[in-house]
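With the sequences and hints as input, model every part of the structure.
Chains U and A, in that order, give the protein sequences. This note's numbering runs 307 ahead of the 1-based position in the first sequence. This note's numbering runs 1 ahead of the 1-based position in the second sequence.
These aren't lab readings, by the way, just hints derived from the structure by calculation. Every residue gets a Cβ at the ideal spot worked out from N, C-alpha and C, and that includes glycine. Check each hint, because a few of them may be wrong.
What the hints assert, rightly or not - Simulated crosslink set (EDC-like; lysine to aspartate or glutamate; CA at most 20 Å straight-line):
#, chain 1, residue 1, chain 2, residue 2
1, A, 69, A, 16
2, A, 43, U, 417
3, A, 43, U, 395
4, A, 100, U, 359
5, U, 348, A, 40
6, A, 100, U, 370
7, A, 100, U, 408
8, A, 100, U, 394
9, A, 69, U, 408
10, A, 43, U, 329
11, U, 348, A, 4
12, U, 348, A, 85
Said to hold, decoys possible - If you want the ones that stay clear, here's a sample from chain A, every Cβ over 12 Å from chain U, calculated:
#, residue
13, 12
14, 13
15, 14
16, 16
17, 17
18, 23
19, 27
20, 39
21, 44
22, 47
23, 62
24, 75
25, 84
26, 85
27, 88
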Amino acid sequence: GAVVSQHPSWVICKSGTSVKIECRSLDFQATTMFWYRQFPKQSLMLMATSNEGSKATYEQGVEKDKFLINHASLTLSTLTVTSAHPEDSSFYICSARDVGDLIQPQHFGDGTRLSIL
Amino acid sequence: KQEVTQIPAALSVPEGENLVLNCSFTDSAIYNLQWFRQDPGKGLTSLLLIQSSQREQTSGRLNASLDKSSGRSTLYIAASQPGDSATYLCAFFSGGNEKLTFGTGTRLTIIP
Numbered sequence: 308g309a310v311v312s313q314h315p316s317w318v319i320c321k322s323g324t325s326v327k328i329e330c331r332s333l334d335f336q337a338t339t340m341f342w343y344r345q346f347p348k349q350s351l352m353l354m355a356t357s358n359e360g361s362k363a364t365y366e367q368g369v370e371k372d373k374f375l376i377n378h379a380s381l382t383l384s385t386l387t388v389t390s391a392h393p394e395d396s397s398f399y400i401c402s403a404r405d406v407g408d409l410i411q412p413q414h415f416g417d418g419t420r421l422s423i424l
Numbered sequence: 002k003q004e005v006t007q008i009p010a011a012l013s014v015p016e017g018e019n020l021v022l023n024c025s026f027t028d029s030a031i032y033n034l035q036w037f038r039q040d041p042g043k044g045l046t047s048l049l050l051i052q053s054s055q056r057e058q059t060s061g062r063l064n065a066s067l068d069k070s071s072g073r074s075t076l077y078i079a080a081s082q083p084g085d086s087a088t089y090l091c092a093f094f095s096g097g098n099e100k101l102t103f104g105t106g107t108r109l110t111i112i113p
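Structure (structure tokens):
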């Protein structure tokens with residue numbers, strides 16, 4: 308089945324640091340990828356939709372300048388948390404849409420746990 | 002706007018029991034429904050997917066149903082095992098903009 312790889316799985320860094328998270332579709336092309344955020348014991352909240360070769364579409368309330376998304380190829384999207392602060396600590400999950408899969412809407416990565424000290 | 006609610010938020014049952022997880026939604030214009038499993042600190046594992054035209058899907062000990070008219074979906078787990086302990090999320094795909102709307106989740110604990 309379709310595999311989505313997310314890296315790193317866990318990162319701890321100091322406040323003010325920028326952190327980049329990668330999301331790769333390993334065996335299919337993904338023109339669309341999605342970035343979710345999940346707080347402890349809560350459900351997934353969509354942050355933005357990443358479109359290959361164009362600007363990402365952000366959900367209401369998500370700061371574009373804080374969460375930079377780049378989708379430069381059909382297999383890679385990156386999320387950069389700029390000047391991260393403790394309130395940005397969360398679990399971030401990406402998913403990818405396989406255009407060749409007419410049934411399964413999205414395939415998910417294993418998530419990245421971000422902890423800002 | 003689609004709102005998805007899962008009740009109960011947490012559930013503990015003895016091993017071997019059959020159980021039902023519930024998912025309610027407000028907008029019946031769905032394309033498909035998906036049930037996921039999430040282990041602590043991990044990503045999502047897709048369990049079952051039901052197309053809008055279908056009423057249920059089965060995989061092993063799992064059976065998911067969809068009733069659009071009542072705005073409900075259920076996930077039935079037969080003969081529960083400790084390994085079934087996880088958080089279960091339902092999600093709706095409305096087509097079009099391809100967004101998945103997730104439910105609030107049910108945290109399931111199977112007691113050995």
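These are the hints, each one checked on the structure:
no.	hint	in the structure
1	69/A / 16/A	violated, 31 Å
2	43/A / 417/U	holds, 6 Å
3	43/A / 395/U	holds, 18 Å
4	100/A / 359/U	holds, 16 Å
5	348/U / 40/A	holds, 11 Å
6	100/A / 370/U	holds, 19 Å
7	100/A / 408/U	holds, 16 Å
8	100/A / 394/U	violated, 25 Å
9	69/A / 408/U	violated, 24 Å
10	43/A / 329/U	holds, 16 Å
11	348/U / 4/A	holds, 18 Å
12	348/U / 85/A	holds, 18 Å
13	12	holds, 14 Å
14	13	holds, 15 Å
15	14	holds, 19 Å
16	16	holds, 24 Å
17	17	holds, 27 Å
18	23	holds, 15 Å
19	27	holds, 15 Å
20	39	violated, 9 Å
21	44	violated, 4 Å
22	47	violated, 7 Å
23	62	holds, 20 Å
24	75	holds, 18 Å
25	84	holds, 18 Å
26	85	holds, 19 Å
27	88	violated, 8 Å
In this structure, the hints that do not hold are numbers 1, 8, 9, 20, 21, 22 and 27, in rising order.
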